[in-house]
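Starting from the structure of chain E, add chain Y where the hints point.
Residue strings, one per chain:
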Amino acid sequence: MEQIEFNYPAKRKLHKRAHVGVVGSGDLEVLLEPAEDEVAHVFIRTSVDGFRDTWKAVLDRFFANYDGAVRIQINDAGATPGNVQLRLEQAVEVSER
Amino acid sequence: MSNKGYNANFINRQSFIELDARERATALFDAGTSRELLGPFDRVESPWLPMQGVTPQADDGCVVMKGKITGQAAVVVALEGAFQGGSMGEVSGEKMTAALDLACADNEKGIPTSAVILLETGGVRLQEANLGLAAIAELMASILVLRKHAPVICLTAGTVGCFGGMSLAAGLASYIVMTREARLGMNGPEVIEQENGVEEFDSSDRALIWAIHGGDQRYATGLADALVDDDTPQVADAIRRFVSKGVPPVHRSSQVALYRNRIEALDSSRQWDPKEFRALWATNGSNEEKR
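Chains as they are written, first to last, in my numbering: chain E, 1 to 97; chain Y, 1 to 291.
These aren't lab readings, by the way, just hints derived from the structure by calculation. These figures come from a predicted structure and were not determined experimentally. Certain hints may be false.
As the list claims (entries may be wrong) - Below, a sample of chain E positions facing chain Y; criterion: calculated Cβ distance under 10 angstroms:
#1 1
#2 3
#3 22
#4 39
#5 77
From the three backbone atoms N, C-alpha and C, an ideal C-beta is built for every residue, glycine too.
The following block holds chain E by itself, in its conformation from the complex (with noise of 0.2 angstroms):
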């Protein structure tokens, strides 16, 4: 298991915390949560090791397009780029519901 960490600026206060996913064979958990600062922290820890460049480029495409105050913990099961892509996109969604 490896455990990577991002941060990211943020503007957007957030109200609400969102929890999706399980922690299943090619799935992933998230755990969304506002944050007080204006950053976005996120906290990784996946079964597959060796991974981290993938998942910098996933999260840069995502907060490329989001500005929430927030910070993440995800629980990962080996889950697929695109995989981890929608569980954060839900995250967001249901955050905003």
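Just chain Y now, kept in the frame of chain E:
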């Protein structure tokens, strides 16, 4: 079947199996009455999995909810079959046991509180070994105390089913509700084949597996109390029915003489056909109408 060439009920049903553990638990309560206890944001997770390089889940695959069913207090504990096969670890076991113990305390204070456990599980989580075994033992003790006060209803809907030590916990329940897709048994097919060979149990023969472990067979032989379709309103209705029914006069697991005699009467020197077995135990099953 309608003349349109498809079964409209099948097409329009709201599948229960397709729901995750949290959605399943929520679906059983009276609308708007449920709240989750120790949810994912409380982050009470397994400390043992990360040490072994396994990613933990924030709720340890165990969802605990409190609310009302038919207007009466109830607790629902649901295992998430997609996380580590719904296995019981130290944390998930403790969550389930603590929920039942609190329900028991409420009953003793004069607040009738039923419990529903949703079991999609292979039993003990092997990474947590003895702690998982201990958790199941504690859970079974808690079921035995609670079921004196209020019904403990076990629901196994599939597709994981309920195996290993948790099948023993299920055996202590006041009522067992199953779907046709669910399976219930002590040793799973792979385990039996591994230990006794393919002549004993061909674990690739799915028809055979469901003929033995499947909900239809379990219900027909009196080892489950209700057989429901994979349909959320139907599942919730069965749970409401058993909550209203209350504690059964005699629990299945207390009928030691009945089951001892039944098992002794079986000739184990030959291989039994599931249909033949069903005919035998279904006949005896009329005894269980008294339950």
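Grab the minimum C-beta distance from residue 1 of chain E to chain Y and call the hint holds if it beats 10 angstroms, violated otherwise. With a closest approach of 5 angstroms, the residue 1 of chain E hint holds.
Would you check whether residue 77 of chain E satisfies its interface hint, that is, whether its CB is within less than 10 angstroms of any CB in chain Y? holds, 6 angstroms
Checking hints one by one. Is residue 39 of chain E an interface residue toward chain Y, by the C-beta closer than 10 angstroms rule? violated, 20 angstroms
Is the interface hint satisfied for residue 22 of chain E? The criterion is a beta-carbon contact with chain Y at less than 10 angstroms. Hint holds; residue 22 of chain E Cβ to chain Y Cβ min 5 angstroms, cut 10 angstroms.
Closer than 10 angstroms between Cβ atoms is the bar; does residue 3 of chain E clear it against chain Y? Give me holds or violated. holds, 9 angstroms
Violation of the numbered hints given earlier is confined to hint 4; every other hint is satisfied by the structure.
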